[in-house]
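As you go down the protein sequences, you meet chains G and F in turn. If you read the first sequence in my numbering, its first letter stands for residue 13, the second for the next number, and so on. If you read the second sequence in my numbering, its first letter stands for residue 13, the second for the next number, and so on.
I should point out that these hints are in silico values taken from the structure, not numbers from a laboratory. Hints are supplied without guarantee of correctness; some may be wrong.
Below 16 Å or equal to it, Euclidean Cα-Cα: the simulated EDC-like pairs (lysine to aspartate or glutamate) are [claimed, not checked]:
| hint | chain 1 | residue 1 | chain 2 | residue 2 |
| --- | --- | --- | --- | --- |
| 1 | F | K547 | G | D129 |
| 2 | F | K75 | F | E118 |
| 3 | G | K168 | F | E120 |
| 4 | G | K544 | F | D129 |
| 5 | G | K23 | F | D268 |
| 6 | F | K23 | G | E533 |
| 7 | G | K610 | F | E603 |
| 8 | G | K373 | G | E335 |
| 9 | F | K168 | G | E175 |
| 10 | F | K340 | F | D303 |
| 11 | G | K547 | F | D129 |
| 12 | G | K179 | F | E175 |
| 13 | G | K323 | G | E335 |
| 14 | F | K168 | G | D184 |
| 15 | G | K23 | F | D265 |
| 16 | F | K179 | G | E175 |
| 17 | G | K395 | G | D327 |
| 18 | F | K615 | G | E603 |
| 19 | G | K523 | G | E507 |
| 20 | G | K84 | G | D51 |
| 21 | F | K610 | G | D490 |
| 22 | F | K544 | G | D129 |
| 23 | G | K599 | F | E603 |
| 24 | F | K95 | F | E120 |
| 25 | F | K23 | G | D265 |
| 26 | F | K23 | G | E267 |
| 27 | G | K615 | F | E603 |
| 28 | F | K33 | F | E118 |
| 29 | G | K23 | G | E175 |
| 30 | F | K599 | G | D129 |
| 31 | G | K523 | G | D575 |
| 32 | G | K23 | F | E267 |
| 33 | G | K77 | G | E120 |
| 34 | G | K168 | F | E571 |
What follows is a list of derived Cβ distance ranges for each label pair [unchecked claim]:
| hint | chain 1 | residue 1 | chain 2 | residue 2 | range |
| --- | --- | --- | --- | --- | --- |
| 35 | G | E34 | F | E481 | 32 to 38 Å |
| 36 | F | E109 | G | E492 | 52 to 58 Å |
| 37 | G | I36 | F | T271 | 28 to 34 Å |
| 38 | G | L543 | F | S607 | 40 to 46 Å |
| 39 | F | S597 | G | E492 | 27 to 33 Å |
| 40 | G | T286 | F | A111 | 38 to 44 Å |
The structure presented is a predicted model; accordingly, all values stated were derived computationally and were not measured. Ideal Cβ placement from N, Cα and C applies to all residues, glycine included.
2 protein chains.
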Amino acid sequence: MSETFFPQDWKRTHFCGEPRKELIGQEVILNGWVAQRRDLGKLVFLVLRDKTGKSQLVVDTSKNKRLDELTKGIRHEYVLAIKGRVRARPADQVNTEVATGEIEIEAEDIAVLNTCDVLPFPITDKSDATESLRLQYRYLDMRRDVIRENILARGKLVRLLREEMHKAGFEDIETPFLYKSTPEGAREFLVPSRINPGYFYALPQSPQLFKQILMIAGFDRYYQIVKCFRDEDLRADRQPEFTQLDCEMSFVDQEDVLTIFTDIVKRTVNTFFTRDVIGEIPRMTYQQAMDTYGVDKPDTRFGLKLVDLSKLVKDSEFKVFTEAVEKKGIVNALRVQGQGETFSRKRIEDLETAIRPYGAKGLAFAKVKSGQGKESWQSSLTKFLSDELINIINKTTEAKPGDLLLFCAGPYQTVKAGLGALRNALGKELHLYDTRELNFLWVTDFPLLEKGDDGRFIAMHHPFTCPNEEDLALLETDPENVRAKAYDLVCNGVELGGGSIRIHLERIQEKIFSLLGLTKEEAEKKFGFLLKALKFGAPPHGGIAFGVDRFAMLLTGCEAIRDIIPFPKTQKQACLMTGSPAPTSEKALRELYISVLKEEVEKAGISKHA
Amino acid sequence: MSETFFPQDWKRTHFCGEPRKELIGQEVILNGWVAQRRDLGKLVFLVLRDKTGKSQLVVDTSKNKRLDELTKGIRHEYVLAIKGRVRARPADQVNTEVATGEIEIEAEDIAVLNTCDVLPFPITDKSDATESLRLQYRYLDMRRDVIRENILARGKLVRLLREEMHKAGFEDIETPFLYKSTPEGAREFLVPSRINPGYFYALPQSPQLFKQILMIAGFDRYYQIVKCFRDEDLRADRQPEFTQLDCEMSFVDQEDVLTIFTDIVKRTVNTFFTRDVIGEIPRMTYQQAMDTYGVDKPDTRFGLKLVDLSKLVKDSEFKVFTEAVEKKGIVNALRVQGQGETFSRKRIEDLETAIRPYGAKGLAFAKVKSGQGKESWQSSLTKFLSDELINIINKTTEAKPGDLLLFCAGPYQTVKAGLGALRNALGKELHLYDTRELNFLWVTDFPLLEKGDDGRFIAMHHPFTCPNEEDLALLETDPENVRAKAYDLVCNGVELGGGSIRIHLERIQEKIFSLLGLTKEEAEKKFGFLLKALKFGAPPHGGIAFGVDRFAMLLTGCEAIRDIIPFPKTQKQACLMTGSPAPTSEKALRELYISVLKEEVEKAGISKHA
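Chain G on its own, in the form it takes in the complex (with noise of 0.2 Å):
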């Protein structure tokens, strides 16, 4: 080989994955990396392994002397091109768990293209090694099959949505990425303008009113995959920059995208998994959702559902579920089946634990045993409830002897959301649902607005969304309860995709500014352009976006979005392999009319990468 990089007469015939003894007799030539070395002196193994697989090689080294020498310096990692002959297994060496386990190469000729240092950690499905030195040699982590097939599969359901994307007629449009900043700038990443001194770019954190433009501009049905970038706060799973597929239709109303997305999501699921996996994708309105399951994105793999007793304790004696009921709260139940011996009173302590966060300040408890009225509860609500209200609630919440009864009290929001997390954490916790099966939902029907800590108006969705007709006239009476022409795709519990019904009239988006409290000048300083493109014959529209990361997660069953991304930040936004983010030069800035403020980084505490 010396200085020859790759010669001509050492490409490969096969990927490493690829010989059958339909080959047996014939010569091959693989280029690959050395997965594994095993030296039984006379005989050395070589398992050379490319991105389709692997294939194992043996050399015989009292034939060949030069290939002798070679094979002693060859180690884990090291890229050869080998030529051989392929020939069968000896019966009790086949392997069935590889697909090329039923034959191997005769070692005829090994160049080695490069060779590798020690590795930091070794290259195997399970690894041991520290997240952050797999972030930092992310190369080595990415040889791993895992992590290789995660990344491959992304690109694979990348692939599926574009071709369904396409038949359906949408058009793949590009939209700019150096976007206009607004004043207060919140969670978005700033470019600085070196020709326009004093100015700043924004990232955008999805093309919303790019695609808006697009259908006024006539483009009737457009699509893009496409880059988004959020400045959040240090979260655990989350990455600065993320992957939509973003999508918008023109003279559609709602119905039409629900059924237009429900065949695409169908059919690129189904045919990712080359079988039948979803049928029909049920709806929900939000309203349901948070009857039911505490939340807006419902884990529907499983029961355990929040039962409402309000109406029937609210003359109780027990004064912390009539006083709820009667500032306006509620009382839930939530039936456990079958956990009324095993759970501890620890263990409802911890669980009481878990809901604190969402505001709900306790758990009533009771083990169901057989029985009438009291006698059927082990429970100190006994004191306070009679013997005919027991029976009640035993009937209302299906209890049978052995179960869990759980009992929350409060504000509507904060028992909802106190036992809407409580369900998620005991249905993983008790297995109650099959971790490989996908439960689509359209979850409708979310209320246009919602109030912010500060009393003003925030939009739920986003500030361009479609009222309900039905409930226009609540806009003036009572904004509070008007239902938004939006909805969100729901799987296992996560929220996979969600989308509206724009506005397409300008009185409308102009009254929607001023109830989110935006004064006709701020309403023209951030968004006059889209005021102004809606008096120019803007289409009824609408569209959706879906998270392709997480889409990917939930096909390849991953549970970090580092597993299916080659390149992932760190919770601290740092790219590990590269260095990244960096310190930048004084003349870098100076050309961009920018300058670090000194005082405050020190303040800050030096940046540390991790």
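Dock chain F against the given chain G, drawing on the hints supplied.
Positioned in the frame of chain G, the structure of chain F alone reads:
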């Protein structure tokens, strides 16, 4: 209609471009924009447009008082839903230029889905609106057939490229946008990090190092259609963000890359036009291209080649020629066919002015007549050149009576650059080629290095380009003459793509960094992670990147990038529609630990979007 935004019974049954004679007698519903309106009193004609085309609607105002009233209020670009019956047009009104020109639709009902203000410019194929007005109202500009078709054609090209890449086994893998800033930061857009105070990301100029890392990770074949960013000084027709088809492959040499991408480009172009537009793609070395065409991206649609006369004229009496050759320069000629009589002295002086920017000092010329020797030239050169030499020059340049000969003498680079530019200008001016023709060409064997203005070496392609094995020894003795395994795809004089085999051996990469004048410390700081990765089993690899916008321009015959993308920025990197970039608040900047250098901004002058 009132507040029902888009009732389901007004959903289109057909697109506006679809109705044909086969539908005569049937009721259709169309949704679209009013492209034309003609009021003949009793009859009103409305032409309705969507992205597929146009249909003519006839409103018989005498039949329906409500429609009469409604139609009176309808203006250009109103958004309508119409119901009506398809009928044949009267024979004298058939329009053969429109696909729907044999029919018209007798209006039965009309719903106004939205109105439109007075247009800033009419929506017509040829527009005399200023570019800045068109960009400000880009949504109206994009309703023009010509712009919409360009943008859709670009989308089609992207889809075909993806299909070809998939068929050839390339995996679609995304790389990060928030990349590491380098200390110089030249031509990079920087992004301040909030979580890492005082640190910066850079938006990548290309995913070069990520794709090399993906090869080292074992992905074998990678592609991505990806935005790249370059903060260039004001240049006509350059965008700060542009799209690249970015590709990389392992276990290949140059020949493999050229073969595979010849195939991919051929199939993409021929499928785009649904006919065989290109066959084999010819190849030419960099040296041949420079010698013959004076540029490294020759427009091979026409001849007008540069003819080298250096050896012939080196002993002549004409000092300009002899001195040029003595100083190791050259004398070249262009034979402009049949233009001996048409080019005035003034026009030739203009040509001289055109080549001055390239450093060329002047042009000598001869108008070729019939006869032999001096008799055959009308030229001031006849004083200096012998009959014999003139005859030889005529023969060498293939000059015929009526031709114009242009001569240029000086250093190689300036003569080639000057005459190369002149050749392109003359080719266009004299219509020497069919503008619809597509002439692809591979240019190979580029030099690895070139001398910068400061006499230091710079990489001609990029610092990761592999030198030709045969020239490795020259790295020590004569680096300037080392050829690179680098190649460009050129079409009609435009560089459509470029790539190289990369260095996969760490010691060679270090050698190149040192030739480029990088100290060990600098190399480590900028590219340390690459050098490290090369130590862990990097396979031989190489790739290529294509300019998607340019590719689309060539296929559509567009002359400006602004006509092929939906939201272009001006030369000053501004988006006139959204008003981007924009100022931001002190508070937002403080959160990013930066501030604007106000004095510097004032010195630079207030930014004006233009």
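Consistency of the hints with the structure:
1. At roughly 6 Å between alpha-carbon atoms, K547 of chain F and D129 of chain G fall within 16 Å of each other, so this suggested pair holds.
2. Between the alpha carbons of K75 of chain F and E118 of chain F the distance comes to roughly 11 Å, so the proposed pair stays at or under 16 Å and holds.
3. Proximity of K168 of chain G to E120 of chain F is assessed by CA-CA distance (about 48 Å); at most 16 Å being required, the pair is judged violated.
4. For the proposed pair K544 of chain G and D129 of chain F, the alpha carbon gap of about 10 Å is at most 16 Å, so the pair holds.
5. With a C-alpha separation of about 10 Å, the suggested pairing of K23 of chain G with D268 of chain F holds against the 16 Å cut-off.
6. Distance restraint check for K23 of chain F and E533 of chain G: the Cα-Cα separation of roughly 37 Å exceeds the 16 Å cut-off, and the hinted pair is therefore not satisfied.
7. The straight-line distance between the Cα atoms of K610 of chain G and E603 of chain F is roughly 13 Å, inside the 16 Å bound, and the hint therefore holds.
8. Only pairs whose Cα atoms come within 16 Å are accepted, and K373 of chain G paired with E335 of chain G is accepted, the gap being roughly 13 Å.
9. Simply put, K168 of chain F and E175 of chain G have alpha-carbon atoms about 13 Å apart, close enough for the 16 Å limit, and the pair holds.
10. With a CA separation close to 15 Å, the supplied pair K340 of chain F and D303 of chain F stays within the 16 Å bound.
11. As the CA atoms of K547 of chain G and D129 of chain F are separated by approximately 6 Å, the hinted pair is consistent with the 16 Å bound.
12. The suggested pairing of K179 of chain G with E175 of chain F holds, with an alpha-carbon distance near 14 Å, which does not exceed 16 Å.
13. Distance restraint check for K323 of chain G and E335 of chain G: the Cα-Cα separation of roughly 12 Å lies within the 16 Å cut-off, and the hinted pair is therefore satisfied.
14. With a CA separation close to 8 Å, the supplied pair K168 of chain F and D184 of chain G stays within the 16 Å bound.
15. Between the alpha carbons of K23 of chain G and D265 of chain F the distance comes to roughly 9 Å, so the proposed pair stays at or under 16 Å and holds.
16. Between K179 of chain F and E175 of chain G the alpha-carbon distance is near 14 Å, which keeps this suggested pair within the 16 Å criterion.
17. At most 16 Å may separate the alpha-carbon atoms for a hinted pair to count; K395 of chain G and D327 of chain G meet this at roughly 15 Å.
18. Proposed proximity of K615 of chain F and E603 of chain G is supported: the alpha carbons are some 13 Å apart, at most 16 Å.
19. Distance restraint check for K523 of chain G and E507 of chain G: the Cα-Cα separation of roughly 29 Å exceeds the 16 Å cut-off, and the hinted pair is therefore not satisfied.
20. A C-alpha spacing of about 9 Å is found between K84 of chain G and D51 of chain G, which places the hinted pair at or below 16 Å, so the restraint holds.
21. Between K610 of chain F and D490 of chain G the CA atoms are separated by roughly 47 Å; this puts the pair beyond 16 Å, and the hint is violated.
22. Between the alpha carbons of K544 of chain F and D129 of chain G the distance comes to roughly 10 Å, so the proposed pair stays at or under 16 Å and holds.
23. Between K599 of chain G and E603 of chain F, the direct Cα distance comes to roughly 22 Å. Violation of the 16 Å bound is thereby established for this hinted pair.
24. The straight-line distance between the Cα atoms of K95 of chain F and E120 of chain F is roughly 5 Å, inside the 16 Å bound, and the hint therefore holds.
25. The suggested pairing of K23 of chain F with D265 of chain G holds, with an alpha-carbon distance near 9 Å, which does not exceed 16 Å.
26. For the suggested pair K23 of chain F and E267 of chain G, the alpha carbons sit about 12 Å apart, so the restraint of at most 16 Å is met.
27. Pair hint K615 of chain G plus E603 of chain F holds up; C-alpha atoms about 13 Å apart against a cutoff of 16 Å.
28. For the hint linking K33 of chain F to E118 of chain F, the alpha-carbon distance of about 14 Å falls within 16 Å, and the restraint holds.
29. Only pairs whose Cα atoms come within 16 Å are accepted, and K23 of chain G paired with E175 of chain G is rejected, the gap being roughly 33 Å.
30. Distance check on the hinted pair: K599 of chain F and D129 of chain G sit about 49 Å apart at the alpha-carbon level, beyond 16 Å; violated.
31. Pair hint K523 of chain G plus D575 of chain G does not hold up; C-alpha atoms about 44 Å apart against a cutoff of 16 Å.
32. Taking the CA atoms of K23 of chain G and E267 of chain F, the gap is about 12 Å. The hint holds against a cut of 16 Å.
33. Of the pairs offered as hints, the one joining K77 of chain G and E120 of chain G holds, with about 12 Å between alpha carbons and a cut-off of 16 Å not exceeded.
34. Restraint check for K168 of chain G and E571 of chain F: not satisfied, since their Cα atoms lie roughly 36 Å apart, outside the 16 Å limit.
35. Against the hinted window of 32 to 38 Å, the Cβ-Cβ separation of E34 of chain G and E481 of chain F comes to about 37 Å, which satisfies the hint.
36. Taken as a hint, the range 52 to 58 Å holds for the pair E109 of chain F and E492 of chain G, whose Cβ atoms sit roughly 56 Å apart.
37. In this structure the supplied range 28 to 34 Å holds for I36 of chain G paired with T271 of chain F, their Cβ-Cβ distance being about 30 Å.
38. With their beta carbons about 32 Å apart, L543 of chain G and S607 of chain F fall outside the hinted range of 40 to 46 Å.
39. The hinted range of 27 to 33 Å is satisfied by S597 of chain F and E492 of chain G, whose Cβ atoms lie roughly 30 Å apart.
40. The given range of 38 to 44 Å is respected by T286 of chain G and A111 of chain F, whose C-beta atoms sit roughly 40 Å from each other.
The structure does not agree with the numbered hints 3, 6, 19, 21, 23, 29, 30, 31, 34, 38 stated previously, though it agrees with the rest.
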